[in-house]
Amino acid sequence: MPPILSVRDLATAFRVDGRWRPVVRGVSFDIGPRETVALVGESGSGKSVTALSIMRLTPRDASRITGAVRLQDRDLLTLSDAEMRRVRGGDVAMVFQEPMTSLNPVLTVGFQIAEALVAHRGLSRSAAEAETVRLFDKVRIPAAASRVHDHPHRFSGGMRQRVMIAMALACRPKLLIADEPTTALDVTIQAQILDLIKLLQDEEGMSVLFITHDMGVVAEIADRTVVMLDGRAVESGPTHEIFRRPTHPYSRALLAAVPALGAMQGRARPTRFPVVDRVTGESAEPGEAPDTVQPANLLEVRNLTTRFELRGGLFGRLRGRVHAVENVSFDLKAGETLALVGESGCGKSTTGRSVLRLIEPLAGSVRLDGEDILGLPPRALRERRRRMQMIFQDPFASLDPRMSVGAAIAEPLLINRLASRREAHARAADLLGRVGLKPEMADRYPHEFSGGQRQRICIARALALEPKLIVADESVSALDVSVKAQVINLMLDLQASLHLAYLFISHDMAVVERVSHRVAVMHLGEIVEIGPRAAVFGAPQHPYTKTLLAAVPVPDPARRGTRHGVRADEIRSPIRPPDYVPPERCYREVSPGHLVQVWGAEWEAAAA
Amino acid sequence: MGAYLLRRLLIAIPSLLGISLILFTVLALAPGDPFGELATNPNVPPEVRAALRAKYGLDDPLLMRYLHWLTAMLQGDWGFSFASRIDVDDLILQRLPTTLFVVGSSQVLALLVAVPVGILAALRPYSLLDQVANTLAFVGFSLPTFFTGLLFILVFSLKLDWLPFVYNADVAATGWRWYWEHLRQAIMPIAVLGLFQAASYTRYVRAAVLDVARLDYVTTARAKGLGEGAVTLRHIARNAMIPVVTLVALQIPAVFGGAIVTEQIFRVPGIGSLLINAMLANDTPVVMAVTFVFACLVVLFNLVADLLYGWLDPRISFR
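Protein chains in written order, with full-length UniProt numbering: chain A, 1 to 608; chain R, 1 to 319.
In short, the hints are calculated from the structure, not lab data.
Remember, it's a predicted structure, so these values are computed and weren't measured experimentally.
Ideal placement from N, C-alpha and C gives every residue a C-beta, glycine not left out.
Be aware that a few hints might be false.
[Claimed, not checked] Listed next, with one range per pair, are the computed distances between beta-carbon atoms:
#1 A:D9 - R:R214: 26 to 34 Å
#2 A:Y580 - R:R214: 25 to 33 Å
#3 A:R379 - R:L17: 38 to 46 Å
#4 A:E300 - R:R315: 35 to 43 Å
#5 A:D579 - R:L100: 47 to 55 Å
[Stated by the list, open to error] A few chain A residues facing chain R, derived, Cβ under 8 Å:
#6 R88
#7 V106
#8 E115
#9 L123
#10 A127
[As the list claims (entries may be wrong)] Covered stretches of chain R (chain A as the covering partner; in silico rule of three or more C-beta atoms under 8 Å from a C-beta of chain A):
#11 223–232
#12 285–297
Generate the whole structure from the sequences, applying the supplied hints.
And the structure:
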């Protein structure tokens, strides 16, 4: 059968400071009818620009597209602007990565969908509205008719992505381009959206070009895969072939770096990622990390509770509370990694911040080396914080752009008066070496580094005070797969040499399985299940843990999920009325150290 | 919304009270005496002067005088102008329409120039149009209104003799001619004020449009296949105007202040010239009333700005 879309020698260059910089260099691929092709690669590989070039959405004056993009019998690159506008949204539709920013905040979602219907199908306003309701039903938005007049901010991320998909489907496109449509979503929501795209593809008979960096998603959805590196397609073929026998060294490196859920079965301790050379493809078999866990507890958290008050009305009356952390207890030993996992709004970050008292908890106790942190006066707290440091998610926002990285690393030493200026700078250079950078880089500024390098700098800064505990809040979530593997390896090495304890906060179950000794699953501010990693992943008990694990895409096309029925559940909100009294919870121990919250009726449907 | 409005109005009361107290104190401490000229007039015996001072309560302690002024004010009595010998509220009501006409029209003119120019400049950044608009904007707000005002008078009134340069409140004409004469004499003050404002508004509009034009939902709109006109108007301009509208609302009290100079140059019989004359004549009740009206305008337009913001941006809820 002739392909729907055929891309030949596509090359795109952007003009930067008067010079043409190539971003896509000669990419060719075909997409057959009803076929799903995945374009994978890391940031800067040119995959998104390829998609934008197909749609001719790159900035007009500052970009140049050459090659051929044939949609059935037309070359899109030679169409007039008016013809191209009919193709966009008509024959080819697009869904973007960021559901929070890709809808216009001041227009109702219904209007934004109707716009496409009026532009392409010439419907009247009322007919367009009726059609919008039908589309909302199609993408399984609950109570569709009442929601078309809402503005985007009233929708959650997953629901907004459904709106985007409804908009894309409005004119029955032949091809749907989905640019990282699930990257910004929680894992259970990601699973729903992937199911939805597959289902709609069958119903509508569309072809899909799916752009992603996530090999798990690729394995889940793609018939064929194109691997991109530095603007070139280095390997392409049927997905199962690429996963089984990757030929290009880069594909092999990429696959080796993918954390795969279930890969840790039979291993007792956290394990480094295998390092595969991108050029030669040679790999070093990963070693299990040495046993670093000490017998004594470093951190003991008991009944930690943090709530935020919501006020409003004429005299700032209490309207409700966010029960962000509710009666949370756990221990952490020196040299141990405890992972806090859960979806957005589950309170895992607030827990980490409450432990450091960056947010003042409402109740409970946090003992560090047996001393209660929560009762300390400010001066003593500052002193104790030397022993607990934090690494944040976004390495671009957590370094001061006007401070050299050496100064940033030396700063904790200087403000705690632990070293003279000279000593601090010597120590900064030393720490840079320790995290795998060069000591002479100390004089450079953050913008001169890549994301992975910046995260290393943040780790060096956290290490400057020789802490015992590091709270790593989604510290590897924003990094590319291969960089993520390297940073995790670094964290494991540092744990082995310095006996650091990590409170590892993450939503990524596969990474958590790889790095942690013990795991705590959080839901709506409470720990629903906590225990040794092998027990929680091997024999999950709580329905929520099971849902979470089932939703993780597995990077193995042979184990492609057989989920049926697209649900439209939303992540529940921890906002409660002011008179809400949290129920008494009890835990049962299913195996040594493996505690599960006894769940109530609300989970019965999910557990069945 | 109702509760929000009520709360904001309640908060406005203490701030207005505070402002009026400070204004009153400053004016009382300032040197100058409304009856100063009587002292130098040999025909007025000192007893008459003392009686007048006693009648207007000028010898009472400061707080007494303030409370006196406040209670009178609350009952709608704005005081009596010593210089013009009429009630202050009548005086202000006489002058206000002219100022509102000039300031209002100049704002409309400023927006009519700034919005299209700013949008066009931002859609093609660093193009010829953008460069020209930027240069003119810089020239525009570098030149103070008293300079451009005099320049306009020199060119359009003296050289070309197209427009009158002294504003005449009593136009001796009827019907259409009356409107035309009013408009003709208002052209120059409106143009001077309006173009000055347009210069800075253009910069704001351009910056706001540049910010919005690179956002994801603009790409979404293009990916839907909308024409450039719809993308620009519905998706870019609609959002870019939100900060601009707020800015304009917050600027309006400042424009009244800036209009004082312009009114003085063109002899516009508005509130600004009233204030200046009152200051020169030590006519404290008028100065107090006019400055207090300005203070009320600031508070009012702050509230208007917040309400507009909430109306334009559905993400903002009034709590």
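_Unsatisfied constraints (hint numbers, rising)_ = 2, 9, 10, 12
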